[in-house]
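*Asks:* Each chain, written out:
There are 2 protein chains.
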Amino acid sequence: MKDVAARAGVGLKTVSRVVNGEPGVTADTERRVQEAIEALGFRRNDSARVLRKGRTASIGLVLEDLANPFYGPLSRAVEEVARAHGALLINGSSAEDPGREQELVLAFCARRVDGLIVIPAGTDHRYLEPELRAGVATVFVDRPAGRIEVDTVLTDSFGGARAGVAHLIAHGHRRIGFIGDQPRIHTAVERLRGYRAAMADAGLAVADGWVSLGSTEPGRVREALAAMLAGPDPVTALFAGNNRVTVTAVRELAGRSRPVALVSFDDIELADLLGITVVAQDSAALGRTAAERLFRRLDGSGEPPARLELPTRLIPRGSGELPPA
Amino acid sequence: MKDVAARAGVGLKTVSRVVNGEPGVTADTERRVQEAIEALGFRRNDSARVLRKGRTASIGLVLEDLANPFYGPLSRAVEEVARAHGALLINGSSAEDPGREQELVLAFCARRVDGLIVIPAGTDHRYLEPELRAGVATVFVDRPAGRIEVDTVLTDSFGGARAGVAHLIAHGHRRIGFIGDQPRIHTAVERLRGYRAAMADAGLAVADGWVSLGSTEPGRVREALAAMLAGPDPVTALFAGNNRVTVTAVRELAGRSRPVALVSFDDIELADLLGITVVAQDSAALGRTAAERLFRRLDGSGEPPARLELPTRLIPRGSGELPPA
Numbered sequence: 001m002k003d004v005a006a007r008a009g010v011g012l013k014t015v016s017r018v019v020n021g022e023p024g025v026t027a028d029t030e031r032r033v034q035e036a037i038e039a040l041g042f043r044r045n046d047s048a049r050v051l052r053k054g055r056t057a058s059i060g061l062v063l064e065d066l067a068n069p070f071y072g073p074l075s076r077a078v079e080e081v082a083r084a085h086g087a088l089l090i091n092g093s094s095a096e097d098p099g100r101e102q103e104l105v106l107a108f109c110a111r112r113v114d115g116l117i118v119i120p121a122g123t124d125h126r127y128l129e130p131e132l133r134a135g136v137a138t139v140f141v142d143r144p145a146g147r148i149e150v151d152t153v154l155t156d157s158f159g160g161a162r163a164g165v166a167h168l169i170a171h172g173h174r175r176i177g178f179i180g181d182q183p184r185i186h187t188a189v190e191r192l193r194g195y196r197a198a199m200a201d202a203g204l205a206v207a208d209g210w211v212s213l214g215s216t217e218p219g220r221v222r223e224a225l226a227a228m229l230a231g232p233d234p235v236t237a238l239f240a241g242n243n244r245v246t247v248t249a250v251r252e253l254a255g256r257s258r259p260v261a262l263v264s265f266d267d268i269e270l271a272d273l274l275g276i277t278v279v280a281q282d283s284a285a286l287g288r289t290a291a292e293r294l295f296r297r298l299d300g301s302g303e304p305p306a307r308l309e310l311p312t313r314l315i316p317r318g319s320g321e322l323p324p325a
Numbered sequence: 001m002k003d004v005a006a007r008a009g010v011g012l013k014t015v016s017r018v019v020n021g022e023p024g025v026t027a028d029t030e031r032r033v034q035e036a037i038e039a040l041g042f043r044r045n046d047s048a049r050v051l052r053k054g055r056t057a058s059i060g061l062v063l064e065d066l067a068n069p070f071y072g073p074l075s076r077a078v079e080e081v082a083r084a085h086g087a088l089l090i091n092g093s094s095a096e097d098p099g100r101e102q103e104l105v106l107a108f109c110a111r112r113v114d115g116l117i118v119i120p121a122g123t124d125h126r127y128l129e130p131e132l133r134a135g136v137a138t139v140f141v142d143r144p145a146g147r148i149e150v151d152t153v154l155t156d157s158f159g160g161a162r163a164g165v166a167h168l169i170a171h172g173h174r175r176i177g178f179i180g181d182q183p184r185i186h187t188a189v190e191r192l193r194g195y196r197a198a199m200a201d202a203g204l205a206v207a208d209g210w211v212s213l214g215s216t217e218p219g220r221v222r223e224a225l226a227a228m229l230a231g232p233d234p235v236t237a238l239f240a241g242n243n244r245v246t247v248t249a250v251r252e253l254a255g256r257s258r259p260v261a262l263v264s265f266d267d268i269e270l271a272d273l274l275g276i277t278v279v280a281q282d283s284a285a286l287g288r289t290a291a292e293r294l295f296r297r298l299d300g301s302g303e304p305p306a307r308l309e310l311p312t313r314l315i316p317r318g319s320g321e322l323p324p325a
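Protein chains in written order, with full-length UniProt numbering: chain A, 1 to 325; chain B, 1 to 325.
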């Protein structure tokens, strides 16, 4: 880039602007920079860093589960941004195992990825400190990092769950169950907090038996739901803490004679046809926002680490508008 | 390997044994082979190579679309096999663009992946010949390679579609539509061939207007379906050529007063609750089979390239058992 700047007779920042398609460059200057680029055979895989290394850039993406449909649009969005920057995507699943997350992240670093996007399974990420010092750009997405300061892109889980539960309360429910993911997962805890806030807002007490956090395996969710629906004071509505819980809950509730209202955190394909009311998060926007932030860092942005929260959207489709049985 | 064998004064098989850590080699022979390896800087495409290079092995997986839920279980299965072999997964989508497929494959090769698993978008893969000669193990999955001989793992698209259409015929349908993916995609053509075979088996003619191949975008599928359902001789049943077609068809048919029978090639999450009869393929088994084959090659298996076909499973759930309106 220095050579291009010298040949075009402009500053480094101007070359950067032209290459990134940013405004603030006159047509004449842009032409001169482009000519210098042509003349020098300068090819940019986006980050200047890639140029220096003379190899294809790559970014590592650690997900929780490659097979969970929630991560499909997220991965795809990360890939599209990476592709626009000439970078390849290295992918892996932690399967909710903090040890495996760390192993993957460090294996990616050993492969000298230029950047990392992490959906963490663990809660202590100090193992990343040497890598961060060595300049590996890192963005956490969907769940925050623990004990390190890095860019983070989250969905507003608290606000989304609070709105979803308030929706059930507005439709007359007083006994509402909450089934969520494991308590060490940030989103599970935030959504539970949203549930509790909505109940408190309405002056409703929460019985112990109405809340269940744990594995999202069908058997565990089935049992938790059966317990909430049994006994003298069964719940009349359920707030499902994520798409995996919803799939099992929808199957279980379909077989019931007494209708139970349902709001799902996360949308699901064909949920419109099944009439499932959801608090939708934009999985593609999470991926895109995280990846764009990562590439801005790779381009040398020196901003301090930030935490971005994307809003949710409540989509009423019938199941969340059922009155108490 | 020949050079190593010559220098160590042993046969090729012995070198292979040492490199693969197999038994049947004396300590002295092993030492001689190791010395020859050191001296010649011999590098090999598998775990031994990884050890010596001090880097993690990796395999590249080129999909059509990271966001299509069909590929989730496939990717996950490939990842699990790779992980069991200590290898990382590099991922990318072709977005059905043969140029982008080639670009990704070659970018992966430039990053020196040890092996490739490809769901191709294109039909001519001679661009891979230099890489194959250089020893990059390659397996095609879901769709075959064009003009090169490589291991291929497919679903029995022809047999699956034939069985699905025969199922509709057995339930009394004579006018059956087929909406599939673009005609350059192998699976689309095979499934259409299965449809035609089932119709021919039953002595039924296929009207021109009953078959439509093209993009699986909702708008295109909607139009094709509307055309088949209009006019004096509308179809009474539809065979949907893949999960993307099915999602749109289910939405469109849900709004119709006159019921139209439907069988879907591919299962979809919650299709059980919607009563959608499907010809299910095992996406995880495709990924696992392809990855296992790849790692057998990386471990030095010298078998000739083979073509494996996995069976489908017809799951009746209601939509395929509706009689003609």
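Treat the hints as calculated values from the structure; they're not laboratory data.
For glycine and all other residues, C-beta sits at the position ideal for the given N, C-alpha and C.
Each hint should be verified, as a subset may be incorrect.
[Said to hold, decoys possible] Footprint (simulated), chain B over chain A, 3 or more residues, beta carbon under 8 Å: (1) 102 to 113; (2) 154 to 164; (3) 261 to 270.
*Asks:* Give a verdict on every hint.
*Replies:* Quick rundown of the hints versus the structure:
no. : hint       : result
1   : 102 to 113 : holds (count 5)
2   : 154 to 164 : violated (count 0)
3   : 261 to 270 : holds (count 3)
Going through the hint list in order, the structure does not satisfy hint 2, though it satisfies all others.
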